[in-house]
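Chain residues, written in single-letter form:
4 protein chains.
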Amino acid sequence: MASKKLVAAVVGVGPGLGASLAKRFAAGGYSIGLIARKESSLQSVQRELEQNGHTVLSVTADAGDVSSVKNAFDTIRKKFGNEPEVLPSMIKNGKGTILFTGATASLRGSVGFAGIATSKFALRVLAQSMAREFGPQGIHVTHIIIDGQINTPSQVQRQPGKDINSFINSDTIAETYWQLHIQPRTTWTHELDIRPSVEKF
Amino acid sequence: MASKKLVAAVVGVGPGLGASLAKRFAAGGYSIGLIARKESSLQSVQRELEQNGHTVLSVTADAGDVSSVKNAFDTIRKKFGNEPEVLPSMIKNGKGTILFTGATASLRGSVGFAGIATSKFALRVLAQSMAREFGPQGIHVTHIIIDGQINTPSQVQRQPGKDINSFINSDTIAETYWQLHIQPRTTWTHELDIRPSVEKF
Amino acid sequence: MASKKLVAAVVGVGPGLGASLAKRFAAGGYSIGLIARKESSLQSVQRELEQNGHTVLSVTADAGDVSSVKNAFDTIRKKFGNEPEVLPSMIKNGKGTILFTGATASLRGSVGFAGIATSKFALRVLAQSMAREFGPQGIHVTHIIIDGQINTPSQVQRQPGKDINSFINSDTIAETYWQLHIQPRTTWTHELDIRPSVEKF
Amino acid sequence: MASKKLVAAVVGVGPGLGASLAKRFAAGGYSIGLIARKESSLQSVQRELEQNGHTVLSVTADAGDVSSVKNAFDTIRKKFGNEPEVLPSMIKNGKGTILFTGATASLRGSVGFAGIATSKFALRVLAQSMAREFGPQGIHVTHIIIDGQINTPSQVQRQPGKDINSFINSDTIAETYWQLHIQPRTTWTHELDIRPSVEKF
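Chains A, B, C and D, in that order, give the protein sequences. Each position in the first sequence, counted from 1, maps to that position plus 6 in my numbering. Each position in the second sequence, counted from 1, maps to that position plus 6 in my numbering. Each position in the third sequence, counted from 1, maps to that position plus 6 in my numbering. Each position in the fourth sequence, counted from 1, maps to that position plus 6 in my numbering.
The set of hints was computed from the structure by calculation and includes no laboratory data. Don't take each hint at face value.
Simulated restraints, written as ranges between beta carbons of each label pair [said to hold, decoys possible]:
1) A:S160 to B:E56: 47 to 57 Å
2) A:K101 to B:Q185: 50 to 60 Å
3) C:K84 to A:V204: 54 to 64 Å
4) B:A69 to A:E54: 42 to 52 Å
Computed from a predicted structure; not experimentally measured. Backbone N, C-alpha and C fix where the C-beta goes; we use that ideal spot for every residue, glycine too.
Chain A on its own, in the form it takes in the complex:
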């Protein structure tokens, strides 16, 4: 029988921010659809969620391929009996949250980073334009600038001498995303930065 819980789809799940977001939104009462290209990226996250009693479904899909993503969303909807929220259904419901993740390169261009900076600048103004366009219809769009390295296992291992407090904690980022998600519409944040206390900026 289909669950009545709201469904959050996390696209591009890995051992870092994706896993933390899945856990935070599960704790907030959502059924979770995990989407990644490789099944191996999904298994440990799914296991952890299930061990904590959460409702979760893993589906592989390639975010670069529209029909592949569409199939994944269809699979999730059939399983949970409730659609993961996407822009058209958000507009219909007059309600929804879209969180875009930016980076240091969202704020300035630098030598050797023209490629990432052009796409991150474009993403920032896409978020800003969508906020202006869909905000009055109840869709909360926020651009979050993650300025620093996240404490993913691979990042931490690669830099054994580096103080763990100089990495951003992915669970705490997820908490911030959750707080943004539950802001009432009288009091929305549209852009904020996140960085460790020791990060130069």
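Chain A is fixed; fit chains B, C and D onto it per the hints.
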């Protein structure tokens, strides 16, 4: 006997953001020192806090007069046996939060608003400079841009035809300030905006 | 016999800014290669330049097609015996100017303009990144924000009631581009805006 | 007999940008009123201008003292029979240029520079506000960000090993100010930066 709880001093308490901040930090476990120029601004906030079982002290002082503020802080310290946090003690403890409140005029100059814009631009870069200077020492400095009208009783009364959802809710702002205050130092936000969903920006 | 004059290639010549730039750089001593998709866009500009005694060659090419543009540059080089400057030759010579034209949408996203804003934001940071990367090698990269309507014949005709002084004059923009081009490397501008005195911003 | 030429007052003349501005505006046809606190700062600039046939008057005044500046302007007006342009006369004439000089600290706060950054941020938005307020009345207000060291004799002497091309040339800055001054009102620049090719930014 002196309380062992941490003390938050709210300077410039009125029926809007100041009252909401006092309530939120009281709920978070702080003893509250309320400071305002006129006793009449303090009484109803003090009463509401006490009715909810919080520890609170009201003191009148003029924020434009250094010795008057110093006296108020002394009074609060004597009563609670614990100092409200200010920058020097924060640096000594390697820990503290300073939240600056900006406005629409923090982001752009406009006709007839040169006066407020110059002071708000200056405040923004003061916050940014302090964040860069004191962040590595454990002091979390954030600049919050409040872009819209707050639902203070007088603002709401003055515009009877205006939808209540087009005002920013002061209790929800206070919740955001609290969330900033409890961010761990691996994951600090240094600037964010707050506005209602219907606000043009 | 081949000319010894420097060659400026103006890509996308029309009756507005392209024509004005061709005239200004011709007046500054450059041989001019005019490039546009349709020959009809080139003829009147070529005629006007020749009547003023300037050296000019028109070539059709499609800027969306790399080999088409390459052919056009080859034709221009054979005719003038001197290559129009492009980035690789600029780096070799330790000298060159690249001017990118932005718009109002380079500065902010707005309802209905997400498409143009994403590409203009990306262009802005591309210019900024190139300035940081190639500036120390002698290449002057500037991003010019044109905020308003240019006085092209078609724009002016379409809005018969509009004051001519509320359009930006394309010849004056071209003068600004020329002044940027001749700035010595001790004193470079990397970004500036241009708008009419009556434009809201 | 009084001159009919326009009068430019340069306040705070020294051997760097002030001297260069005086020379450039004299070359552009203006009578020059030189104002500085100490007569010694004025003599060599006055001599150089007179040797080139320009009309010049030196007056000492303290920019921090309103009546002192007012007296200096009165002296200049009596001598030249024409007032140096200030905002009220600009508004009356529907015409005028005001150029504000910013710095690196106009763009960001940094450790140890909170004092200069707050005043430079305030100056930037004052310029922006004045541009928006007085632009439609014909007053051209521009904010120029000088990001680097100017080649004043004392700066150059103090850093004997530093390449002269890594200093900004004050005469070239003055040329840029002049070009801004003569921009027609269809094509105004409101903000631009100036830095040497080798400057990190």
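Hints versus structure:
The beta-carbon spacing between S160 of chain A and E56 of chain B, approximately 53 Å, falls within the hinted interval of 47 to 57 Å. Here the CB-CB span from K101 of chain A to Q185 of chain B is close to 22 Å, at odds with the stated 50 to 60 Å. Evaluation of the 54 to 64 Å hint for K84 of chain C and V204 of chain A yields a pass: the beta carbon distance comes to about 59 Å. For A69 of chain B and E54 of chain A, the Cβ-Cβ distance of about 50 Å falls inside the hinted range of 42 to 52 Å, so the restraint holds.
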